[in-house]
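Student: Sequence:
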Amino acid sequence: MSGRPKKKPEYDAEKQFDAFLQELSAAYEEADSLRGLARELNITLLKLRKLLITAGIFTSDICTEINELYKQRKSVPEIMQITGLSRASVHSYLPYCKGLYNAEELSVNAERCQVYRNRQEQVRKLKEHLSEDNLWQAIIAFQEYPFRTVTGLPFRYKIKIGKDGEYNRELMIGRREKSKTLSWSSVKLAFDNNRLLTGIIEKPKALGDIRGVSYIYPILWRFGLIRVSEKTEKALMRKTG
Numbered sequence: 129m130s131g132r133p134k135k136k137p138e139y140d141a142e143k144q145f146d147a148f149l150q151e152l153s154a155a156y157e158e159a160d161s162l163r164g165l166a167r168e169l170n171i172t173l174l175k176l177r178k179l180l181i182t183a184g185i186f187t188s189d190i191c192t193e194i195n196e197l198y199k200q201r202k203s204v205p206e207i208m209q210i211t212g213l214s215r216a217s218v219h220s221y222l223p224y225c226k227g228l229y230n231a232e233e234l235s236v237n238a239e240r241c242q243v244y245r246n247r248q249e250q251v252r253k254l255k256e257h258l259s260e261d262n263l264w265q266a267i268i269a270f271q272e273y274p275f276r277t278v279t280g281l282p283f284r285y286k287i288k289i290g291k292d293g294e295y296n297r298e299l300m301i302g303r304r305e306k307s308k309t310l311s312w313s314s315v316k317l318a319f320d321n322n323r324l325l326t327g328i329i330e331k332p333k334a335l336g337d338i339r340g341v342s343y344i345y346p347i348l349w350r351f352g353l354i355r356v357s358e359k360t361e362k363a364l365m366r367k368t369g
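All the letters of the sequence shown, read from the start, carry residue numbers 129 to 369 under this note's numbering.
Pair ranges (Cβ atoms, derived):
id, residue 1, residue 2, range
1, S311, L281, 14 to 24 Å
2, D160, K359, 13 to 23 Å
3, S235, G184, 21 to 31 Å
4, T326, G184, 37 to 47 Å
5, R339, G184, 47 to 57 Å
6, K291, E239, 22 to 32 Å
7, Y224, T309, 37 to 47 Å
No lab work stands behind these hints: they were computed from the structure.
Glycine included, C-beta positions come from ideal geometry on N, C-alpha and C.
Construct the entire structure; sequences and hints are all you get.
Tutor: Following this line, the structure appears as structure tokens:
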């Protein structure tokens, strides 16, 4: 009995990997820095660099040197000795071999790239037109994003869904020890107050005496709506779990 030949699993996996690399390449083009993109996608800098090298969109002098040595059939220990780099660093400058990337991890990272690009697009729209609707769309896009307050408290938020299936504009702030609710009216008030300010906004209270402002402050900063000092930026950018 004849029938349509089945596709090889390796072929499907290869197509998925190529599609992921395209998605990652697009995300890289929109990113401010390699380190920043690694943080946004929650993957290590070494792994991100290896993926971008595999995609053919990242290179450097040391990357070229290592790959030339590898083509000359130098072993990894030999390359380590020549370059002075660690084993992990040497491997991060070599592209992935086809079929060796974990399928489950591939799916997760592809989804992260899509979420990242959507978030970047919403931020771009908001900065181009500071409207309440664009702010709300950005708030929706950044659900489950790992934020951190100025004092170092990590948190994420989700938006409540009403009985009608629509978002009811109430943010549920999830913290390690407990949760609390943040109203949309508070977010909107801080957003409006911020538009009246100029220069560096050093503390959350500068946005007004608003309930939950310590959580709103890092959200508006991530949206690119407020300027902070270098010290504050480092606190806000600390990796969260």
